[in-house]
Amino acid sequence: MRTWDNCQFPEFTMHTSGHNPRETTGARLRQRICHKLLYFVENHNIQQCTGCGRCITHCPVGIDIVRIANVMEEAAGQ
Amino acid sequence: MSKNIYLPKLARIAGIKDEVPGARGIKTFFVEFPDGDGFEHECGQCAMISVFGKGESMISIASAPAVKEYKQFSIMRTGRVTTAIHDMKPGDIVGVRGPYGNKFPLENWKGRNLVFIGGGVGLAPIWPVIQTAVANRADFGKISVFYGARTSRDIMYAEALEALRGAADVHLSIDAPEEGWQGFCGFVPANLLDKPQSPDNAVAVTCGPPIMIKFVIKNLIGMGFADEQIYTTIENKMKCGVGKCGRCNAGKDYVCVNGPVYSWAQLKDMPQEY
Numbered sequence: 016m017r018t019w020d021n022c023q024f025p026e027f028t029m030h031t032s033g034h035n036p037r038e039t040t041g042a043r044l045r046q047r048i049c050h051k052l053l054y055f056v057e058n059h060n061i062q063q064c065t066g067c068g069r070c071i072t073h074c075p076v077g078i079d080i081v082r083i084a085n086v087m088e089e090a091a092g093q
Numbered sequence: 691m692s693k694n695i696y697l698p699k700l701a702r703i704a705g706i707k708d709e710v711p712g713a714r715g716i717k718t719f720f721v722e723f724p725d726g727d728g729f730e731h732e733c734g735q736c737a738m739i740s741v742f743g744k745g746e747s748m749i750s751i752a753s754a755p756a757v758k759e760y761k762q763f764s765i766m767r768t769g770r771v772t773t774a775i776h777d778m779k780p781g782d783i784v785g786v787r788g789p790y791g792n793k794f795p796l797e798n799w800k801g802r803n804l805v806f807i808g809g810g811v812g813l814a815p816i817w818p819v820i821q822t823a824v825a826n827r828a829d830f831g832k833i834s835v836f837y838g839a840r841t842s843r844d845i846m847y848a849e850a851l852e853a854l855r856g857a858a859d860v861h862l863s864i865d866a867p868e869e870g871w872q873g874f875c876g877f878v879p880a881n882l883l884d885k886p887q888s889p890d891n892a893v894a895v896t897c898g899p900p901i902m903i904k905f906v907i908k909n910l911i912g913m914g915f916a917d918e919q920i921y922t923t924i925e926n927k928m929k930c931g932v933g934k935c936g937r938c939n940a941g942k943d944y945v946c947v948n949g950p951v952y953s954w955a956q957l958k959d960m961p962q963e964y
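Protein chains in written order, with this note's numbering: chain W, 16 to 93; chain B, 691 to 964.
It should be emphasised that the hints constitute simulated quantities derived from the structure, not laboratory data.
Any given hint could turn out to be false.
[Claimed, not checked] Which chain B residues stay away from chain W? Per the calculated CB distances, all over 12 Å, these:
# : residue
1 : Glu732
2 : Tyr760
3 : Thr768
4 : Lys779
5 : Glu868
6 : Asp884
7 : Lys885
8 : Asn891
9 : Ala955
[What the hints assert, rightly or not] Just a few of them, taken from the derived set where beta-carbon distance is under 8 Å, the chain W residues facing chain B:
#  : residue
10 : Met29
11 : His34
12 : Lys51
13 : Tyr54
14 : Glu57
15 : His59
[Unchecked claim] Computed cross-link-like contacts, PhoX-like style, restricted to lysine-lysine with a CA-CA straight-line distance of at most 20 Å:
#  : chain 1 : residue 1 : chain 2 : residue 2
16 : B       : Lys744    : B       : Lys779
17 : B       : Lys793    : B       : Lys958
18 : B       : Lys908    : B       : Lys934
19 : B       : Lys942    : W       : Lys51
20 : B       : Lys793    : W       : Lys51
21 : B       : Lys800    : B       : Lys779
For each residue, glycine too, the CB sits at the ideal point set by N, CA and C.
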């Protein structure tokens, strides 16, 4: 049985009690970006983003992972 | 073909004990493995319980590792899977895979005083530690157990907690006053403040609702406990149990693999995703 699921949905991490560790869209976006660019690299030494830009083209709210990566890089350098 | 890591073992419910009545009741399930393929576990580890056609839930193993005949799971009725488990009867078959996660480093705590602080169904994850400590009573200093529930009817392991008296100081609490209640009235962190614990040569272990854990840790720090002396177990939503699915992680840390047991020294530097 397959169901539609996604780490950007609030139910993805919601406890049965209703408590949600990643309650806001901001927290979930942070997870998506950090998972690709930070956590997976730290845990497995593999980059999860090839920089193809497909998610930028199709994002309904204009989230630009390349721009975020550049901002992160800049912040890390400071 | 390699072994399927998601394939559960078949286990039979040997016995069921009603702990707490009501819509969000708690029952304890004693589960045995008729095929003889049971597993060893450590204090603090979890197992994934499945009900066929309903789904899977990660549940703490509440029996001590020394108990080999069965595994004990104390489950609150909250969602689809836990409701289905609550409707089951002795003799019914569930799926179990595990054990998952790390453990409480009990072997490092020999000779030290132990302070346990539990709330609600959060007593179950620390119960194997309490049982193991009491079974090896001479290995430890003073043992204190704080436990709180909403009302006197919501107290789980009621008889077992009473049986701890003698081996341990037991401090029970309920949220609001009730006629005939001898223990403390108020939330668990307040009960802890009411009976201050010395941090000297001590380790504190807490589990309960996230908001309770937060204030218990605050109060322990106020009593002089160092970050390394405070342990908790965080039970995020888990689906895979093997560090793949990305639900339970707090930052780069996958609770199902690196946790669920963390010292506050580790936890305070992690993103607050629990």
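Enumerate the violated hints, using their earlier numbering and listing them in ascending order.
-> Hints 3, 12, 15, 18, 20, 21 contradicted; others consistent.
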